[in-house]
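There are 2 protein chains.
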Amino acid sequence: MTQLIQAKKGIITEQMKKAAKKEKISAEKLAEKIAEGSVVLPANKNHKKLSPYAIGAGLTTKINVNLGISEDCPNYELEIKKADLAEKLKAHAVMDLSCSGDTRPFRRNLIEHTSLMVGTVPVYDAENLGKELPELTEEDFLGMLKTHAEDGVDFVTLHAGITKNVLAHMKPADRIMPIVSRGGAVIAEWMDITGKENPFFANFDKVLDICLEYDVTLSLGDACRPGAVHDASDSMQISELIVLGELTKKARDAGVQVMIEGPGHMRIDEIAANMLLEKKLCHNAPFYVLGPLVTDVAPGYDHITSAIGGAIAAASGADFLCYVTPAEHVKLPDLSDVKEGIIASRIAAHAADLAKHVPGADNWDKEMSIARSNLDWKKMLELALDPEKPGKMREESMPRDPAVCTMCGKMCSVNRTNRIKEKIK
Amino acid sequence: MTQLIQAKKGIITEQMKKAAKKEKISAEKLAEKIAEGSVVLPANKNHKKLSPYAIGAGLTTKINVNLGISEDCPNYELEIKKADLAEKLKAHAVMDLSCSGDTRPFRRNLIEHTSLMVGTVPVYDAENLGKELPELTEEDFLGMLKTHAEDGVDFVTLHAGITKNVLAHMKPADRIMPIVSRGGAVIAEWMDITGKENPFFANFDKVLDICLEYDVTLSLGDACRPGAVHDASDSMQISELIVLGELTKKARDAGVQVMIEGPGHMRIDEIAANMLLEKKLCHNAPFYVLGPLVTDVAPGYDHITSAIGGAIAAASGADFLCYVTPAEHVKLPDLSDVKEGIIASRIAAHAADLAKHVPGADNWDKEMSIARSNLDWKKMLELALDPEKPGKMREESMPRDPAVCTMCGKMCSVNRTNRIKEKIK
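Keeping their order, the protein sequence lines are chains A and B.
Counting from 1, one number per residue, gives the positions in the first sequence under UniProt numbering.
Counting from 1, one number per residue, gives the positions in the second sequence under UniProt numbering.
Looking at chain A on its own, in the form it has when it is part of the complex (with noise of 0.2 Å):
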C-alpha cells in the first residue's frame, strides 16, 4: 500500500512520523494532507535507507539537488561526492540524471548510498537500450519505468502530458525555443516520428500499477515548460498543464501520489498567476519547479536567476525548488558549482518559508540578528547557513578592533546603537 492509501485509511506510518517531526507538526496532521493529495511523501518500498521528507502545501519548501554524469562526463565517483554535499549542505532530494550509459549500476549504488529522497527521469535510458528511438515500443519506455521503480527511486519525472493535441500548438505557439525538456523532448521526437500518442499517457493505467507497487510517486514533467523568458504562459504550456491536472485526479483515484513539474524561464510578473494555476488547474498538488529563472542574458549567474524566481515562486505557493548551478546553459556542474547552487536554492526555500509564515521559520533570522546586535561573531558564523565562506572571510580580513568588521571599524553603527539602546533601557 502506497502512503496516499494509507493516508487515505487513516493508517499512520513510520515515514509520516518521520517526516512530521521533521515539519514540527503532528503525524496525524500530515496524514490528513497527504490524504487529500496537497502533500506527497515520497518513499520506494525498495530505499532502505531513506530519511523521508514531506512535500507540499503548509511545510518547509524542499529543494532538490541534479547530478548524473553525461557522454562528456562520465565520472560516477564525482556524482556521489554531489550527492554527499547535498546531504552535508540539507539539501532533501537529489535526482540522478545521468543520461548516457549503462545507468542502472550507479542509480542503485546512489539509491543504497544517500538518506536523501531520489528521483530519476527513466527516459533518459531510450537511447541505451540497443535500440533506435523509432523503434522504441510502448512497452520499451514502460520498462524503463519499471526499472527505476524497482531500483528504489523515490520519484520519477513522467512527461505524461505531452500528447499529441498538445504538441499541435507547438507551431501556433511559434516559440524561440520549443521544447527544452530533454525527456520531453526524446518522447516528442519519438511520436512524431512514429505517429504515436504519448506512450506514458496512452498507458497510464499500465504506469499507475508500476508506481503502486513500489510506491514511487509520480512527478508529472512539464515537457513544455519554457526556456526562453518569451515562450512562457503560453498556449503550449497551459494546455499541458491543463492535461497534468486532469492525470493527477486518475493517479490520485489509484493510490499513486503526485507533484507536477513547473517552469522554466519566466518574468517575475508571470510567477505568482504561474503558481495559482497550477493549485487550480492540478487540484493543489504539490508543485516542483526548475527555477523558474527570471531573465535569460545570465550564463555563469543562473543560480542567482534562479534564486530569485524560486524564491518568488516559493513565497506564492510551489512546494519543491529544483536548484540550477552557476554551469547552466554551458556545462555539467563540478562540485564547486553545485555547493552554489545548492547555497543559493537553500536562501530561496527559506526567504520563502519567512513569506509563507511557515511556523517557527523566522526564529534562525532572529536568532541571526541578536548574534548581530550582541556583535558575537562566533555565534554569527555557527548560525550560518553556510559557515564556511564568511568565516574565510572573516579570517582573511581581520580588524584591529575583534568586536567589529573591517567595512565600518569604529563607524560601526551596531556599537554606536547599542550606546544609545542602553540609555534608553
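The set of hints was computed from the structure by calculation and includes no laboratory data.
Just to be clear, a hint being listed does not mean it is correct.
Any copy, or any two copies together, can satisfy a pair, since identical chains are not distinguished.
Stated by the list, open to error - With a cut-off of at most 30 Å between alpha-carbon atoms, the simulated DSS-like pairs for lysine-lysine come out as follows:
1. Lys88 <-> Lys392
2. Lys366 <-> Lys164
3. Lys131 <-> Lys423
4. Lys164 <-> Lys410
5. Lys389 <-> Lys88
Small disclaimer: the values here were computed from a predicted structure and weren't measured.
Could you slot chain B onto chain A? The hints should help.
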C-alpha cells in the same frame, strides 16, 4: 539653476538630452518627469566628466556600487579600481563611503576620474573634524555637506528624517537592531547626547541652499531602515518615511531634486507594500533601495539575498538598486566581491525591467534565446551579461561535439527539437 528648475521652466539641458538618449525616450518626455519629481537627474555642476543618467518611474532600473576606504583597509588605489570595474560592468553610479581619515583628496580624485554618478554620505566625516562628537555644531554638519557639494558630488545621502519624534519610536518598536545605518547612527547619537533636534532637519532650508548652488540631488536617507527581517515595516521605519515625504515636498518646491532611500532587511511578502508606501508618502519620488535582503541568515551570500529582494522591489516600483556584495556583514569587499555584487545587482535590475515591461528590455533576452536555439555559442557568449565566467567554464569543459555542451551531449534537447521544428514548418 538645477535640472529640476530648468525642467519646470521647460528648458531642455544637455544632460537631459544625453540621459534621454540612453533611455530611448525624448528629452521633452524626460523633462516632464523631472519637473513632476518622479525622475531625478543627478548632475553636480562640478562633476565635469559625468555621463548623466536619469533615475525614476518608467525608466530602466539603475544600480549603484559602494566603494571607499575604511579604518582597517585604507587602500585608495584599490578603491579607484572598484570604480573602474563599476564602469566596465555597466553600473550607473558609485558611492564613495570612505569613513576614515581625510576623505577629501580621494573624493576629488574619484570625481575627476569617473564618468559615473558619484554619491557620498557627508556625515561620515563627523569623526574626522578633530572634534569629539558632542562638540560638533549644526554648522559643522552643514559644512560637511557644503564640502562634498563643492567637490562635485552628484547626490548625497542625508539622514534628515530621523527627528526627535521618530527616535521616540525606538523604545516601543523594540527592535533587535535599532539603527544599522552608519550615518543615521551618528546623527542619532549626536541628538541623544546633545538633546538637540536632527541638524539637517532643523536646518533644512540651509541644506536646500547648498544643494541649489551645486545642483546636488538629495538622497534622503533611511536611518531607521530595518537591519533584521524581524524589524521591518515597523513604526520607526514608517514614521521616518512620513517625515521624508514632507521634506520631499519642501525640497521640490525649492527646486532641489530628491530621491528616497529604503530598506534594508525585509521578508519577501512585505516588499511590494513598502514600494507602494514610498511612492504614496513621498509623492512618487524615485526609490533607492539598499537590498532588500530577504533573510538575515546568509552572510557570504548577501549578493544573492539582496538580488532576490532587489528584483522584487524594482519589479514593484523601486528605481535604483544599491548593490550588495558577498562581503556584506563580514568585511570590506575586495575586487572579486565587487564584481559578484555588481553582476547580481544587474541581474536583479534587468529581471525587474522585464517585469515592469520597460520598452525594449526583452530584446536582449530574445537575442540570447535565439542564439541558444541556434546553438550559436559565439553569440551566446557575446550576449552574456558577463562573458568572462561562462567563457572560461566552456573552455574548461569542451564537449566532443562542439554544437552542444557537456551537460547533455547527444541528449541535447535543442538539437532534438530543432529536428521536429524543421518538419513542422
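Verification of the hints:
In this assembly of identical chains, the alpha carbons of Lys88 and Lys392 lie at most 30 Å apart whether taken from the same copy (18 Å) or from different copies (28 Å). Proximity of Lys366 and Lys164 under a CA criterion of 30 Å is satisfied inter-copy only: 28 Å between copies versus 52 Å inside one chain copy. For a Cα distance limit of 30 Å, the shortest separation of Lys131 from Lys423 across copies, 23 Å, qualifies, whereas the shortest one inside one copy, 80 Å, does not. Taking the shortest Cα distances, Lys164 and Lys410 sit within 30 Å of each other only across copies (25 Å), while inside one copy they are farther apart (68 Å).
In this assembly of identical chains, the alpha carbons of Lys389 and Lys88 lie at most 30 Å apart whether taken from the same copy (15 Å) or from different copies (27 Å).
Taken one by one, the earlier hints all hold for this structure without exception.
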